[in-house]
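A.B. asks: Protein chains in written order, with numbering that gives the first Met the number 0: chain G, 0 to 249; chain Y, 0 to 326.
Please note that the accuracy of each hint is not assured.
Claimed, not checked - Chain Y regions said to be covered by chain G (calculated; three or more residues, Cβ under 8 Å):
1. 98 to 108
2. 193 to 207
3. 214 to 228
4. 298 to 310
It is worth saying that the hints were derived from the structure and are not from the lab. C-beta atoms are modelled at their ideal positions from N, C-alpha and C, and glycine is treated no differently.
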Amino acid sequence: MNIVVCVKRVPDTETKIKIGGEGTKIDPAGVEFIISPFDEFAVEEAIRIKEKLGKGEITILSLGPADAQTIMRKAYAMGADKGTHLNDATECQDTLAEAQALAAALKGMQFDLLLFGKQAVDYDNGAVGVQVARLLNIPVVSRIIKLDVADGKATVERESDMGKEVVEVKLPAAFTAEKGLNEPRYPKLMDIMKAKKKPLEEKPAQLEAPKLTIVKMDYPPARPPGKIVGQGEESVPALVNLLKNEAKAL
Amino acid sequence: MGNNVLIFAEQMGGKFRSVAYEAICQGKKMAQGLGGKAIAVAIGGGVEAVAKDLGQYGADKVIVVDNAKLKDFTVDAYGKAFSEVVSKNDPAVVLLAATFQGKDLGGYASAALGAPLSSDCTEWASQDGGIQVKRPIYAGKAYVTVKFNSQPAVISLRPKVFLPDAPDASKSAEVEKIDLALSDDDFRSVVKEIITKTAGKIDVTEADIIVSGGRGLKGPEGFVVLEELAGLLGAAVGASRTVVDEGWRSHSDQIGQTGKVVSPKLYIACGISGAIQHLAGMRTSKCIVAINKDPEAPIFSTADYGIVGDLFKVVPALTAEIKKTIG
Ligand SMILES: Cc1cc2nc3c(=O)[nH]c(=O)nc-3n(C[C@H](O)[C@H](O)[C@H](O)COP(=O)(O)OP(=O)(O)OC[C@H]3O[C@@H](n4cnc5c(N)ncnc54)[C@H](O)[C@@H]3O)c2cc1C
Ligand SMILES: Nc1ncnc2c1ncn2[C@@H]1O[C@H](COP(=O)(O)O)[C@@H](O)[C@H]1O
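One chain only, chain G, in its complex shape (with noise of 0.2 Å):
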């Protein structure tokens, strides 16, 4: 079973977002960066697929700036075999030109199984997953919360908004990973040694010129200062009082 798990690069979701300079991108200025989590999600899977039965090869794509590779020495130190960095410093802002530079990639690989995240934690587009299957044209599930493989299927499961889905697909077949997937190991500091020497091919990602532009980025408008109400619950007729008559909320 062969397996490519797409990974992107993205602030830790603990940074306090700061715009930069041209007031269109981030200050990237003392942000640590880490594999989109949703994306790690979808690494365990694929190694724990890859356990269970005892063949296979792991291969990681990732488009982003240089220091892409590091988020995929992690991947690497988790469990996956090799990859492939698509390199882009212009840092493209445009999902589905980033979509067609991954499909172009992986139109050259053989797999069985394609793996995402249901989202990369920086743009929220919640999108290239299904995009790249599209483009590749082969069918795709979308928020995954268990994956079973057998003869040339794949049994999964999903939220939905009617409750959980159960849904049958062909193989070769995209999957977005959810979070209730699995839960992601921390690689052992022997596994962050072999990562180094893992192969890791690095190319040009092929990006067309992006259809939309971001011409600002803003902060959210501030929420007023809240006001601490009182101490225990002899404060809560007060509250109630606010929430009705003031919030309106009740």
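Given the coordinates of chain G, assemble chain Y with the ligands onto it according to the supplied hints.
C.D. replies: Just chain Y with the ligands, lined up with the frame of chain G:
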């Protein structure tokens, strides 16, 4: 170049969802600015009967793809049907709700048509003969304003941000039924089973009020006090990630950067410290109440109203007081 707006009218079990009306009302306004028409697209098995009602919300026309094979949503089959309708109509804008279905379909249509995509938009404006949008990024820690350089633009709207106008019963839309050839390739993914959610359980993304609990609840049994308050208010019960990771509540209840992003009328955070990843999921709530025993808890700086105290005393008192004042 077209100037129409094509709107996906999302349905569930043969009934349109409120997000469909939200999208159609905004789509109509966009179409007015562009000098075009608002065309709704209804896809499913057995949707034809209700299609013309979409006119009451502003659709000038409804295109119906009604096919028994499309009873259950899969992105592969719905995406194929939707993209074909889009490409035949050459719209300026393709509009969807940023729901599970809408996000999937938006991605599919964007790739199928080579069209730029912006998900989860919270504002839009007519600009230079086109549409410009504003959307949250980094889980709402910042916003971007996006301009499209190519037509159509695929835009999904965050649910519950744009409220639909009241329906106008005097209006009805022209309905066009079309047949599309669907091949086996469009059904490589098949829904085998739908496990419907517990009756009466309200999803956090749909609730007007959320009562949410964190590690301060001490264990799954602690949530009984929140369930009582939620039951009284017709609210959903949300949870912090810690609680979900401990297995006290289900993943679908998690609020935050790796959970659901919600903006209810009222969010009551109980025993939640207010970590940046949690705030990202609920900071756009209209009114936030925090109940926490630690006066230094960061949640208090985001809350409109706070009570410092033991939630096991404060929450039952709150339930009792609300029962007394609003019955
Ligand atoms: C990649 C990543 C993604 C994350 N995504 C999310 C996310 O989506 N959502 C999320 O919530 N978190 C997320 N987190 C976790 C987040 O950083 C916090 O760890 C988490 O939100 C803390 O949960 P908590 O507030 O329930 O627990 P704690 O931080 O332990 O807070 C418990 C609070 O309860 C109070 N308390 C205790 N007993 C009582 C009592 N009897 N009465 C009243 N108050 C009491 C305490 O004073 C304390 O403030 C994420 C973290 C990472 C690294
Ligand atoms: N630049 C990228 N490189 C590799 N994978 C990506 C990239 N952008 C997005 N992805 C994948 O697509 C998923 C969805 O991303 P998005 O649509 O940007 O929210 C992510 O979770 C990744 O798995």
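A.B. asks: Each hint should be assessed against the structure and marked as holding or not.
C.D. replies: The hints, checked one at a time:
no.	hint	verdict
1	98 to 108	holds (count 8)
2	193 to 207	holds (count 5)
3	214 to 228	violated (count 0)
4	298 to 310	holds (count 11)
Consistency with the previously given hints fails for number 3 only.
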